[in-house]
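**Student:** What follows is the residue order along each chain.
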Amino acid sequence: MGGIQVGNLCHNVGSAARTMMDTMDAIRNILADQFWFSIVLGLVVFGGIQGAVAYAILLERKISAWTQDRYGPNRVGPYGILQPIADGLKFFLKEDIIPANVDKALFIFAPWMIFVVALVGFAVIPWGGSFKWGWMEATAKPMVVQVASVDIGLLYIVAVSSLSVYGVVLGGWASNNKYSFYGAIRAAAQMLSYEVPMGMCLMAAILMTGSLRLEEMVDWQARHGWAVMYHPIAALVLFITALAEANRMPFDLAESEQELIGGYHTEYSALKLALFFLAEYSHMITSSAMMICIFFGGYLVPGWEWLNTTPTFGAALVRVAVFAFKIFLFICLYMLIRWTIPRFRFDQLMRLAWKGLVPMTMTLVAAQGLVLYMGWSQWTTTAVNIGVFLFGGFVSVAGGKAVTGRQLSLRRAEAMG
Amino acid sequence: MEYSNNLVIGLLIFVVAGIAMSFGALLIGHLIRTKLPHPEKAAAYECGEPAIGPGWVQFDLRFYVVALVFLIFDIEVALFYPWAVVYKEAGIAALWDMLVFFGVIVVGYLYLWRFGYLDWVRATGLHDKRSTVRRDDALGRAARQWM
Chain A
259 MGGIQVGNLC HNVGSAARTM MDTMDAIRNI LADQFWFSIV LGLVVFGGIQ GAVAYAILLE
319 RKISAWTQDR YGPNRVGPYG ILQPIADGLK FFLKEDIIPA NVDKALFIFA PWMIFVVALV
379 GFAVIPWGGS FKWGWMEATA KPMVVQVASV DIGLLYIVAV SSLSVYGVVL GGWASNNKYS
439 FYGAIRAAAQ MLSYEVPMGM CLMAAILMTG SLRLEEMVDW QARHGWAVMY HPIAALVLFI
499 TALAEANRMP FDLAESEQEL IGGYHTEYSA LKLALFFLAE YSHMITSSAM MICIFFGGYL
559 VPGWEWLNTT PTFGAALVRV AVFAFKIFLF ICLYMLIRWT IPRFRFDQLM RLAWKGLVPM
619 TMTLVAAQGL VLYMGWSQWT TTAVNIGVFL FGGFVSVAGG KAVTGRQLSL RRAEAMG
Chain B
118 MEYSNNLVIG LLIFVVAGIA MSFGALLIGH LIRTKLPHPE KAAAYECGEP AIGPGWVQFD
178 LRFYVVALVF LIFDIEVALF YPWAVVYKEA GIAALWDMLV FFGVIVVGYL YLWRFGYLDW
238 VRATGLHDKR STVRRDDALG RAARQWM
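Read top to bottom, the protein sequences are chains A and B.
Using our numbering, read the first sequence as starting at 259 and increasing by one per residue.
Using our numbering, read the second sequence as starting at 118 and increasing by one per residue.
Think of the hints as simulated: they come from the structure by calculation, not from any bench.
Among the hints, a few may not be true.
These stretches of chain B come out as covered by chain A in the derived footprint (C-beta under 8 Å, 3 or more residues) [unchecked claim]:
(1) 158–172
(2) 180–187
(3) 195–201
Facing chain A, a subset of chain B residues (Cβ under 10 Å, in silico) [what the hints assert, rightly or not]:
(4) G127
(5) A134
(6) F140
(7) K152
(8) D177
(9) V224
(10) Y228
(11) L235
(12) D236
Computed spacing ranges between beta-carbons, pair by pair [said to hold, decoys possible]:
(13) B:I192 with A:G633: 25 to 35 Å
(14) A:Y329 with B:V203: 54 to 64 Å
(15) A:L347 with B:V224: 52 to 62 Å
(16) A:A323 with B:I149: 26 to 36 Å
(17) B:V224 with A:G633: 27 to 37 Å
None of these values were measured; they are calculated from a predicted model.
Every residue, glycine too, gets a C-beta built ideally from N, C-alpha and C.
Using the sequences and the hints given, assemble the complete structure.
**Tutor:** Here you go:
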């Protein structure tokens, strides 16, 4: 009798183990299929970005405190690390005011739109190259750590990131507030103006690598070295335009507190305001990821060849970590710049884009095309970049265009004694 | 990638997750937050003063000009991207094609520059070289007072 019981028990344990094995196999098969893997990765990325954005806001406050020799938030949890949770709760509990005379449908639609649009750009970022699971056959196609691997990756990012201007304009217009409206109009003009040099910078990179796929651009850099060495000024201009597109500090005319209260989100409160902030920080992360893929080697580390060639899951995780660390450095740079460079005036902003960055980047594109056609060394473009930088600096200093009318009359008054 | 619908899937994940998250958050917030409506709260916030007229006011024509100029350049960029991808294989014809197109754009750009469409503040008399107003005549002095 005891024997039968033990036998049953063994049988039960065995079938339980077998069903567990079956489930494991099923999970392995799902994870080895790019379609399902993309969906899992998409959800992981979505969650990761939400957390990263929440902590980016804390990082922003900590860095601004550090720059101004303050403590920053340090009451909620040790060193204030629970602050994002407290902030989130506060956004839930605060009263959500919809002013009486707004265009209600658009007023509610705008923060949603800007939030969703800021997220979809992550679909084509190559987070960590490709790898194979331990249980996959040697001949199987490797998995790609990328939600969507498409031919038009870069074009897609550019298209999607410029959609965010609609959210800003709709929000500002729907608010029926003069300050919001001016903020929205300024934001539109600024984003449009800075998209032109951004497109040109990207074009130099596309010409050089011959691909619109971000992962192929990273591969190109694995063979030739980081693209920033060949196009340092294009990388710098791309960074400047990314600051302008994200409405970050030297270019935050759309929400300059001293002039426009809060700009386009003056009338928003509670969670709708939070959605605008989440969108801004997501935008920062997308644009940093794009810059890193194009000019700063993606997940590559100089001198670590094994990182790019090892096809295991562990190596892929290290690549993702490297990529995330580079994004972190870029975010820190964004935040330090906020407390370093004062805001531009609107005419200066426009002049920088149309008279400074556009001709510079046009020259770079033409130079890159010529270098490819003549078959010269890629290092020629480095020389062209330095030349453009020196010539631009010389023209702007010698031309004295930066001196405004008021300063001119002051100088004359001084000269007259 | 064999999955031609991969981008659609990626887009859908983020769109659906984004909408679900923001909708869920707004719904939960709607259920738990306080509501104390007051006519003062519902008024437009313009420095705390009662707002004069609607917020949809006339704005500077310059913004339209910027939008028009942007349109031209953006079409250029959109046309350049596919060209840039195939440039290495396409050879000399691609180069000349694009040089002609680029030349037309550059001529337009120089026109805009020459006639001041790229200046935010156009021709104020003080820093316009072509102006007949000199800095030290009566009009110039009057202009300088206001600059």
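**Student:** Of the hints given before, which are not true for this structure?
**Tutor:** 9, 10
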